[in-house]
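A.B. asks: Residue strings, one per chain:
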Amino acid sequence: MQEAAHKTTAFRRRIADFLGKIPLLAWLAAAPLAVLLEHLIGYELATGVGLPKIPVLFGFVIMLKTPLLIPSALLYVLLIYLIPVCLVAWVLAAPANWLAGRLYRLPIIVPVLVHLALLYLALHLWADISAYRGLTLRLTLIAVMMTLSLNVINGYMGEFSCSHPGFMALGAYGASVFSVFFFASDKLFGEALLPEILGAFCFPIGLVFGGLIASLGALAIAIPSFRTRGDYLAIISLAFMFIVKSAIENLEFVGGPRGLSGQPNYASLPVVFGVAVVCVWIINNFVRSTLGKALNAVRDDETAAEAMTVNTRRTKILAFMFGAFWAGVAGGLFAHVLRYVNPGTFGIQKLAEVLAMVYFGGLNSVYGSILGGVSLSLLSEALRPLELFKWIIIPLLLILVMIYRPTGLIAFKEFDVRALIRPKTHPRKEV
Amino acid sequence: MTFLFQNIINALQWGSFYALIALGYSMVYSILMLFNFAHGDIFMVGAYIGFGVAAGLVALTAAGAFALPGWLILVLTILISMFLTSFVGMLVERIGYRPLRDAPRASAAITGLMIGIILETGNLAILGARRISFPSLIESTTYNVGGVFVTSKKIMIVVVSLLFMAALHQFVKRSKWGMAMRAMAFDYLVVPLMGVSINTIARMTFAIGSALAAVAGILFGVAYPVLDPYMGIVFGWKAFVAAILGGRGSIMGACLAGFLLGFIEIFVAMIFPSTLRDFIAYSIILLILVFRPHGFFGEAYSARLRL
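Chains as they are written, first to last, in our numbering: chain A, 1 to 431; chain B, 1 to 307.
Don't read these hints as lab results, they were simulated from the structure.
Computed from a predicted structure; not experimentally measured.
Everything hinted at is true.
Facing chain A, from chain B, some residues (calculated, C-beta under 10 Å):
| id | residue |
| --- | --- |
| 1 | I95 |
| 2 | P99 |
| 3 | A106 |
| 4 | L113 |
| 5 | W237 |
| 6 | V241 |
| 7 | P273 |
| 8 | T275 |
| 9 | I280 |
| 10 | A281 |
| 11 | L289 |
| 12 | P293 |
To list a few chain B residues with every Cβ distance to chain A over 12 Å, as calculated:
| id | residue |
| --- | --- |
| 13 | T2 |
| 14 | I8 |
| 15 | L12 |
| 16 | F87 |
| 17 | S140 |
| 18 | V190 |
| 19 | P192 |
| 20 | V196 |
| 21 | T200 |
Glycine included, each C-beta is placed from N, C-alpha and C at the ideal position.
With the hints as extra help, turn the sequences into a complete structure.
C.D. replies: Right under this line is the structure:
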């Protein structure tokens, strides 16, 4: 009995040692190779183990649809992803450590760009296999942006905002109207005003435009609601969300309840990936800045923060508008990914989804938001074959997380890029 | 003029649904300082339970087991469904709220939201997506009072809901349990030291709130005999806003705000195109909240909450 326990701890320590020596660079270098392998022999292997086609989401969908194929799907995932990634990462550990050490001494932007390039390469190759993967990936990145921007308000500021779907709607419609009005010939707005070739370059302007509209909306909520403390924001923002939805339904010039379509295809994977990276970077810097620390102080004790010369009202309004801005940008991307928006999308269901992602991943942490956004959007795609029961399993999971970890899985953890990319030649020192 | 009176009657009926549901939100909020986001779906479950009980009783009567008049079936349906739905409320409290009493308050809001989704989906999974129609239990007679048409159903609905509100008011003001609830709302850290169990009181609050939601559900079924699994969302969120508008934890306030919301919605639909209903209703609520941040009967945060 004791021996067995001893064995498992030894085994665990061995795994920890194995993982502890591999830097992120090696993992990121291994990932594109595994995906490349899938490109080369994926189809043959899939048919070889009896799968009808390449499993799109790591075999989850196939496993749930036809349980008989579970062993083949597991085998496929093992052979294509797990074993090659671990093997290559292990082989590359030493050179990657050397390279990471070299890069680590350069200005931080260089190693970060190298890592991001590798990550993008892996994602691009992965998404290349099927259009469904590409769509899921883009929507996942947008979900991460939404989660992160709501975390600024609900996690870092400690308020309970319900208006994120409203901001998303404002951003989506703002950006869509911008690009449809200027760059697309369309029944609603007539001929394109500017040559279409310019459109893709002006897309960031459209996104920022949408974001600014969303933050204007946030200002309208923030001015009355930050006069008092407590749950006031929750109600006002909820009412705001319904008002936005209802207003868009009544605006005929953007299509009313039928929705707005005809957005040009600007939101390709590199664009979405780029915007998401910029979003994570800026929000991470924001929450680590003086303003971000002031925000945490306001959350923990508003009176004490006020006494420490924090202008609480201004801080809260700024942070709220900041969060809303990124929600608007995410909304703009969302509209251009689907190339269709209708006001019905931005209702209570969306609210429940975003709130779930924030509280599942973890409050007050960028890691948590990334984890929450990615895991819940992938989970809801993977569980799609279960149809209705998906909406019982995911809420149950969330209730369990809330009961056992009320602040979410990775809460109150700082996103430290330097710690993430450092070479792992020496065992990690405790700070 | 008759048109106006006609709409006042409609608004009273519409508002009584909101008021009954808002009471549940308001009571939970005053005791635990938590939003019970599952309450709208408890209303839906209550309506379905009412449907089941009513259908069962009607079938038994038709089979000749006993002969009951329609109004008696309705009374029995209301009482039995209140009893059954209160268990749903207690279950929600046990699963979603008691383990989280010391957690950040937003976490409990999330569990409430998720329980709501589970209730909706569970209903869809069990009964399917079709809408079901509530059996008509009482004959509706239409009275013509000076050109205003009043159906007996509408009068019945308004009277029954007012009766329940008055009963709740008396319960909270007069009974020992009501006193315990008020004490708990006053200070839920000290009152448990006086030998009042917070678990019992919280469970009771959820049970009463759910029973009232069941009444609202059955009355809704009587007035608009079509039930669908998502009816709780529409009503629940609006009633939630009404509860806040009335002032957190105030029974009178929740009732008044519920009726006010009913009036706003009916009269907006009367004057403007009905697609603008939500827009104008919420805008008015937003304006009221801007000028009266604590609602009609609420007190500022530094002060105590009342029930």
